Amino acid sequence: MKSLGSFRRKFAPWNDPEAKPFIAIENVTKKFADFTAVDDLSLNIYNREFFALLGASGCGKSTLLRMLAGFEEPTAGRIQIDGQDMRGIPPYKRPVNMMFQSYALFPHMTVEGNIAFGLKQDGMQKGDIEARVAEMLKLVKLERFAKRKPHQLSGGQRQRVALARAVAKRPKVLLLDEPLGALDKKLREETQFELMDLQMKLGLTFVVVTHDQEEAMTMADRIAVMDKGKVMQVATPAEVYEAPNSKFVADFIGNVNMFEGTTAAVGNGKIDIAVAPENLTIRTEASRSCTIGQPVGFAIRPEKIRISRKQPADSSINSAYGEMWDIAYFGDMTVFHVKLESGRIIKAASLNAVRTVEEPLGYDDMVWVNFDTDAGIVLTA
Amino acid sequence: MQRLISSIASRLVIAVPYLWLLIFFLIPFIIVFKISLSQGATSIPPYAPTFDLSAGWQGLKDSFAQFSWDNYVWLVEDPLYYKAYLSSVLIAAVSTLLTLIVGYPIAYGMARAPTTIRPTLLMLVILPFWTSFLIRVYAWIGILKPEGLLNQFLMWAHVIDTPLNILNTNTAVFIGIVYSYLPFLVLPIYSALEKMDYSLVEAAEDLGCPPILAFWKITFRLSMPGVIAGCFLVFIPAVGEFVIPDLLGGSQTLMIGKTLWSEFFSNRDWPVSSAVAVVLLLLLVVPIVLFQRAESRARESEK
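Just so you know, the sequences run in chain order W and D.
With UniProt numbering, the residue at position 2 of the first sequence is 2, and numbering never jumps.
With UniProt numbering, the residue at position 172 of the second sequence is 172, and numbering never jumps.
Everything labelled a hint here was simulated from the structure, so no lab data went into it.
This structure is a prediction, so every number in the text was calculated from the model and none was measured.
Any given hint could turn out to be false.
Derived DMTMM-like pairs (lysine to aspartate or glutamate); straight-line CA-CA distance at most 20 Å [unchecked claim]:
hint : chain 1 : residue 1 : chain 2 : residue 2
1    : D       : Lys217    : W       : Glu112
2    : W       : Lys149    : D       : Asp70
3    : W       : Lys149    : D       : Asp197
4    : W       : Lys93     : D       : Glu300
5    : W       : Lys172    : W       : Glu135
6    : W       : Lys172    : D       : Glu202
7    : W       : Lys147    : D       : Glu300
8    : W       : Lys185    : W       : Asp332
9    : W       : Lys120    : D       : Glu202
10   : W       : Lys2      : W       : Glu242
11   : D       : Lys195    : D       : Glu295
12   : D       : Lys217    : W       : Asp122
13   : W       : Lys304    : W       : Asp326
14   : W       : Lys270    : W       : Glu242
15   : W       : Lys304    : W       : Glu239
Using the sequences plus the hints, can you model the full thing?
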């Protein structure tokens, strides 16, 4: 049995009809004056899940997070956390903690003071607080910085203090608002794995808001792709990438070549799509049921397209001939932009698995692109 | 050469404020101090000795020999003066506290207002400065006097039957000081609150802090530099305030500014009033130094 892409761990409570969602968001709408930030949105998030809300800025993902934290009340709909209706429950009484995008560290308190702040609010014993703070400092490897003030720390250290402070109270859910947004690329990649590690260790439910798809793909068990206050698709990173449910999602996640055409033939588990201007015939697995003559979209990722000077054996389907237009060399891979006679650009990526190539492809070369029948996906929405 | 010119120029720029302070503060202060060491005399000017350069070196030495600390001894011996100092400090302290109670919510409201209306609110706070201070204090006489606006309104609203006696009491002085110095307190607190990141308060609430406690532990705590600056900006001038107690206060309102004025104009006792002024200055040096310490500490912690 083939499956899509890779997966992090054997964990899929969303496929279990018996599993009860830990966070249930039911038909939630949030309006600010005449602007609808979140529009009749429903989502289930499961216990111990690492869940990512992914979308461009202004898609409502932060508003949704703030509603979970209690800083905003839904205009309509219901949010339940661990079976408890959250309506009217103020932030300081919710079983969730948030890590703020700006970190929001208290500048007048030391690292210790920041971490202990929430514990003191709970009226915890002094000795217990000290023990918990020490444990948290160890967890984020900041033991040596306990007495420092936030302004004496680096960006990465501040991020870890914010994290330690947010998990110190052992919340049922940790909300993270762009947790890695302020870090530079190298540090961000390291921290991603630290976050995943921490989530496993503590066994918490994480809900992270991000606009960075790589970040979401790396860390999350499932991703909700959001647009204009609505959820476009909720799925595992591999599903979102390999089996997007709509043109929006296919286009939003990663790089994609998008074709518009009409179905010319259906049968044998295959669909033929006729793409008009180039007279292309695309033959693909029938991932969706279609009728003949139906307008459909076809999405294919650049790395699933082969590029060659030689004409493929059967160039009547899934093949096109064109001119090398642009070459983007990334080191690990190269993305070739091939311009067809119609003017359409097809992006084909190839992994630079060897250091030297006999006859490298160059500008103005005439090349063939082609792909297999299971390389792309038919989109009807 | 260029460097030399620019170094001279930068020194000149620094020299200007120093020169200003020297001419308009230090030299006058030395003159006042000198008068405070003199004796009263029925002459013009009404004190002795005066320096007479024509008398030569010996005359100068004789003049110096006449200086004495008698006026300071007098200030200590007569209870009127220390009572006036004490009462001034008390009135200033109470007024500062009242100004803080009135001003903090104003500053907080301004800082939390939508950014579009903040400049308007700021303008409204500064606007009274466009009218003369003296005229505004006079206006309070019209409001507070027994047949004034306040009493008329309260009687019309049937809150009171007989007019309240506010004018010429310490209450009127408090009202006058709070009103006059309010902007000096509002502005520094506003600027401290305005640059505060509101997500800190949200973070506190998120960590289990009810809003009132979050305000106290985060908002108020972080606005402390503004509160301290504002309080000193009210307290320091209020101690030496003369116009407000003179116009709004009564005969029992004892403030050092008034005492100084009557020594100078009514008694024409320049040496004693100079001594009063010197002591007042020394008295204010303490809070001013404290203020500057707090300022520099605040700047330190911002780094």
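Verification of the supplied hints:
1. Lys217(D) - Glu112(W): holds (16 Å)
2. Lys149(W) - Asp70(D): violated (54 Å)
3. Lys149(W) - Asp197(D): holds (17 Å)
4. Lys93(W) - Glu300(D): Violated, at about 36 Å.
5. Lys172(W) - Glu135(W): holds (18 Å)
6. Lys172(W) - Glu202(D): Given that 20 Å is the threshold and the Cα spacing comes to 18 Å, the pair holds.
7. Lys147(W) - Glu300(D): Distance of about 17 Å is within 20 Å: holds.
8. Lys185(W) - Asp332(W): Status holds; Cα separation ~17 Å.
9. Lys120(W) - Glu202(D): Holds. Lys120(W) to Glu202(D) sits at ~16 Å (cutoff 20 Å).
10. Lys2(W) - Glu242(W): Since the Cα atoms of Lys2(W) and Glu242(W) sit roughly 13 Å apart, the hinted pair holds (cutoff 20 Å).
11. Lys195(D) - Glu295(D): Satisfied, since the Cα-Cα distance of roughly 17 Å is no more than 20 Å.
12. Lys217(D) - Asp122(W): Roughly 15 Å between the alpha carbons, so the hint for Lys217(D) and Asp122(W) holds.
13. Lys304(W) - Asp326(W): holds (18 Å)
14. Lys270(W) - Glu242(W): OK: Lys270(W) and Glu242(W) at ~18 Å, within 20 Å.
15. Lys304(W) - Glu239(W): Cα-Cα ~16 Å, so holds.
Hints 2, 4 from the earlier list are contradicted by this structure; the remaining hints agree with it.
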